[in-house]
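Asks: Here's the letter readout for the chains.
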Amino acid sequence: MSKVKVKKQDTFIDMTAMSDVTVLLLTFFMLTANFIPKEPIQVMTPASVSEVKIPEYDVMTILIDPQGQVFMNLDRPDDKRKVLESIGKQYNLTFTPKQILSFVNQTHIGVPISRLQSFLDLPLDEQDEVIKKFGIPTDTIISPNNQLAVWVTTATEINENLTIAIKADQSTPYALVKNVMSTLQDLKKNRYSLITTLKTMPAGV
Amino acid sequence: MSSVDTGGGEQKKGQPQKINLRVDFTPMVDMNMLLITFFMFCTTLSKPQTMDIVMPTKDKDLTEEDKNQVKASKAITVILGEKDKIYYYEGEPDYTDFNTLKVTDYTPEGFRSLLLQRNADAVAKIRELRIDKVKKKITEEEFKEQSSEIKNAKDGQVVVIKPTNGASYKNLVDVLDEMAICSIGKYAIVEMADGDNFLVQNFESKGALSAQTGGK
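If you read the protein sequences in the order shown, they are chains A and B.
With this note's numbering as the guide, the letters of the first sequence map in order to residues 105 to 309.
With this note's numbering as the guide, the letters of the second sequence map in order to residues 173 to 388.
No lab work stands behind these hints: they were computed from the structure.
Any given hint might turn out to be false.
Straight-line alpha carbon distances no greater than 27 Å define the calculated DSSO-like cross-link-like pairs of lysine-lysine that follow [as the list claims (entries may be wrong)]: (1) 303/A with 190/B; (2) 308/B with 303/A; (3) 293/A with 316/B; (4) 303/A with 358/B; (5) 297/B with 292/A; (6) 297/B with 303/A; (7) 255/B with 303/A.
Output of the computed footprint for chain B on chain A, the stretches with three or more beta carbons under 8 Å from beta carbons of chain B [stated by the list, open to error]: (8) 124-137; (9) 153-159; (10) 283-294.
Using N, Cα and C, we set each Cβ at its ideal position, and we do this for glycine too.
Please construct the entire structure, taking both the sequences and the accompanying hints into account.
Replies: Take a look at the structure:
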């Protein structure tokens, strides 16, 4: 008597190959990812239909918040170090290696130069709190101490390929943006970008 | 590779029992997929769009007249006022009449329809070009070249943008955006002049100022 044996089917799928592929993809994305740098202030950029992407490298971002505080960011750490050295020469300041390191690690430039040294001595997490209270002085009328102009000139001297991008909040009054724009115009930097978020092109146009 | 059959274990009938050492990779794949999605979203969102603008140089040699040398019939001056209002006048303003200034808003029915109407020729041409591009009659480069030619045509529409201090940054970007939507290639951001301030105040007070000055 022979029974018909039902052969046991193995339903186990080998996931190893799949896992290999996903890990490869993951490594790819991790290596290509460039993260949004943390910003001292939250900024809601206005929307536009422009589809031009910001260049990947050599970008100088000028951040303007609704209260008129101005911050600046350089994307290359190497440029940052050189800018700091150059600023030190102009203002007769000498920075310790620790301060330079701290300056490179801090994403944004945003304190008056006179306070820069004591600011850089603080630990990073305290810096994030302190920077919110300041911003780069941009006064052109009351006290002619336009340090934004100094930073921009120094940065563009060191890296000539810099693209200047202005990132301002939607609700920023135009007067405050105009202040920054006219500073740039004074420096003969007439070409710059405004950072916006994408909005779809209205139909029928 | 994942399943390795080894001998050993409890001896039964003299034969080594096979222990299955297969590892289930499914949760691992799940987790990887999640991480991939996360990184994908992060990379695409971290590249914001930009809008390139070129500002006029602050050259002191240029007089007011040089700056204003555009065909009056083709020019429209836009004053961005407070509370999301847009004032505009076409060509030369008439300082004695407060009705020379008209008011509109940022809705598609307001400012955009006005510009589309004034720039109808260029808009129609660009639209044809776009259809050609979709039908693959012309390449991307040709499209860019021809559209910029149309936008910068000599007798094209000129828009002078004058933001007041009461306007917000969003207003400015919105107006620049309308320039892109309505295919206007010639526009400039210019500071408010005294005459423009007068026009707005005169408009708001319904001609009280021009009545005072006796139509000067």
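Asks: Now tell me if each hint is right for this structure.
Replies: Hint check:
The suggested pairing of residue 303/A with residue 190/B is violated, with an alpha-carbon distance near 62 Å, which exceeds 27 Å. A threshold of 27 Å between alpha carbons decides the hint, and for residue 308/B with residue 303/A the separation of about 25 Å falls inside it, so the pair holds. Only pairs whose Cα atoms come within 27 Å are accepted, and residue 293/A paired with residue 316/B is accepted, the gap being roughly 25 Å. For the given pair, residue 303/A sits about 22 Å from residue 358/B by alpha-carbon distance, which is consistent with the 27 Å threshold.
Note on residue 297/B and residue 292/A: the hinted pairing is violated, with a Cα-Cα distance of about 35 Å set against a maximum of 27 Å. Proximity of residue 297/B to residue 303/A is assessed by CA-CA distance (about 23 Å); at most 27 Å being required, the pair is judged to hold. This hinted pair checks out: residue 255/B and residue 303/A have alpha carbons roughly 22 Å apart, not beyond 27 Å. For the segment 124-137 of chain A, the assignment as covered by chain B holds, since 8 residues bring a beta-carbon within under 8 Å of that chain's beta-carbons and 3 suffice.
Counting residues of the segment 153-159 of chain A whose beta carbon lies closer than 8 Å to any beta carbon of chain B gives 6, which meets the minimum of three for the stated coverage. Coverage of the segment 283-294 of chain A by chain B holds. Counting CB-CB distances below 8 Å, 7 residues qualify, and the rule asks for three or more.
Hint violations for this structure: numbers 1 and 5, all remaining hints satisfied.
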